[in-house]
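Novice: Each chain is listed here by its residues.
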Amino acid sequence: MRQLLRVALDLLLEAARRKWFLALFGAITFVLLLLGFSLQLDVIDGAIAGSKLFGSLLFDDIVSANQVMAGLYKVTAYVSFYGGAFFLAIACSDFAPELLAPGRIEHLLSLPVSRWQLLFGTYVGVVTLAALGVLYGAGGLTVLLGLKTGVWNFKLLLGSGVGWVGFCALYAVMLTANFFVRSAALSGALGVVTLILGVVASFRESIAVAMEAGPGRELFGWAMLPIPRLGTLATVSAHLAASEPLDGEMVGRLLVGCLIFSAALLSVAAWRFERKDF
Amino acid sequence: MWLVVAALLLAAGAWLMRGAEPPERPPPPPVRLPTRMNSDERQRASNRRTWVPLAEPDAGQVAPPPAKDPVLAMMPTEVKRGAVVAEFNAIVNSELGGLMTDCLFGEGDFLGELRDAGLDPTTNIDRVAMIDDSLVVTGDFKNAGWRKFLPDDAVAKGYGRQGELIEVKREDGGVETFATWGGQMFVAGGDEASQKAILDRLDGNGPQGARVMDEGMAYGEVYGVLASNALADLIGRQDARLGETIRQSAKSVQVHMDVSHDVGLVADVGSQDPARTEELRRALGSALSLARMQAQAQGKTEQADLLDLAHVRSAEGGSDFRLEAGLPYEFMEKTFRECIAQRKERALERKDAGPSPTP
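Line by line, the protein sequences are chains A and B. For the first sequence, position 151 matches number 151 in the numbering used here, and the numbering has no gaps at all. To convert a position in the second sequence, counted from 1, into the numbering used here, add 1000.
Please note: incorrect hints may appear among the correct ones.
[As the list claims (entries may be wrong)] What the simulated footprint calls covered on chain A by chain B, stretch by stretch (three residues with Cβ under 8 Å from a Cβ of chain B suffice, anywhere in the stretch; the number is not a length):
hint: 1; stretch: 221–232
hint: 2; stretch: 262–275
[Unchecked claim] In silico negatives: residues of chain A with every beta carbon more than 10 Å from chain B:
hint: 3; residue: Leu32
hint: 4; residue: Pro102
hint: 5; residue: Gly103
hint: 6; residue: Thr142
hint: 7; residue: Val181
hint: 8; residue: Glu244
hint: 9; residue: Pro245
hint: 10; residue: Gly257
Think of the hints as simulated: they come from the structure by calculation, not from any bench. Values in this document were obtained by computation on a predicted structure and should not be read as measured data. Virtual Cβ for every residue (Gly too), placed ideally from N, Cα, C.
Just need the whole structure built from these sequences, with the hints factored in.
Specialist: Structure below.
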């Protein structure tokens, strides 16, 4: 376990050396500043009289601040979930190809670290990196909106946590793909495809009714079963951020199911890694 | 080992996530669709071959012409709107028949009056056919006292070998005609000419040629042929573009409906222009898919299930296609029960309101 964490730590140090952190946090800071300067929320006694984005009127009626904030947090959670997953899938796509680059992998394999520790360590390193990014982005947005409105809602952090679990599944697919074809482009593309499949899996019953009843529809239903329900997780994230009631058992099952999917994909990667000659 | 772990984890994840979704609704039970004649229907068709055309004596003729079903014999060679036959007796005596009769007639006086006149629709009427604007009812009317419903000034005139035309004066001064044939057919609707044409065909005097309906098409509890124009007019009221596509592409539509337990409908659309028919097939298929998705999105799961039973299938090796639809027994039973309850409610309201004041 210590070796695994050491690999993860090495990856984080490597990311810091490559100014990767700087780029990630710079991008998140840019988005936060953009929102900070453009979103004008006039709060008067807990009610928002007008909320303007980029100078154009968003709401012209006086409504409860909590009500506005719930909607705003919801939209933010959705945008963060899908935007964050897409951004991280692209941004993190070259970690695994770098790990498996000729020269580096031979060096790593010569160290007293087993292959599975190398694999899981890389995975833990990248998802930790993503967690830090998510924490910074969601935390920054919470502080920004809190300062602007005087309404402090830390549920956005919880919602972002759900989004991070979704990314864990995406990255498991991306990492595994690299043990079959070492390509950052393919890895990123598969991350995006998994995100889309995750949305399709969430709405598979609605989509299935558009298909003719028969083997095709059955096959579609079964094929979608193991895919993490990323669309539902996005909804869960939005509801959490907006402090709306949720079925705890359902959320738990979805999150654990997503993590189990990640573990299954990593097992496939481990199987492939054990047999691969470098 | 890793692969086994992966497979087990995938299965566990699938099970876990499936449990986080609302329970799956069981698929609606299969509905019997009338796609071909079964042995009972073949036997039924055989038993109905009672009509022998009265041919002129011909020294060269060795054998008499084959016997036919009189309902098929009276069919024209072409239709403007359509010709549809309903197996009335089979329908009212089917599993849903009782509920259907209560829904249509209730416990009103009309059914009682008919029975008093010796005409019990559930036993005396065999089939009901619509041929363009004419309504033909077949059954046993020899001993029925239905004539008591006719006004005193009704005039009955013999027509052809077994036919009879009945003229009844209307309030506006015009004349309404009905026709009977051989104590087993009652013809209403249309005009006198169309009624005479039906009687002529039953006497073997009509135009020769293939009828719009033959014995091979007489399966299901409702069967017949619809002219594409009639269908286009009907659909065109809801969707003008689809109506126009039907008019341009379909030649005719052969319909079969089975109501022995569930309600299953099969419509075979004959092609006039293969390219346009393919367009029509796609349009109908898309409309069904869209309706299913809309019903599902709106949470109308029962409606979505019903639409799930509807399909558009290409006919084998041709440009024709087949539309199938079904209504499960449970749905029909529920619908008829609601209809009966509404009928009773209306009857109670009328009773509570009392007789309407006379001016």
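Novice: Of the numbered hints stated previously, which ones are contradicted by the structure, given in increasing order?
Specialist: 10
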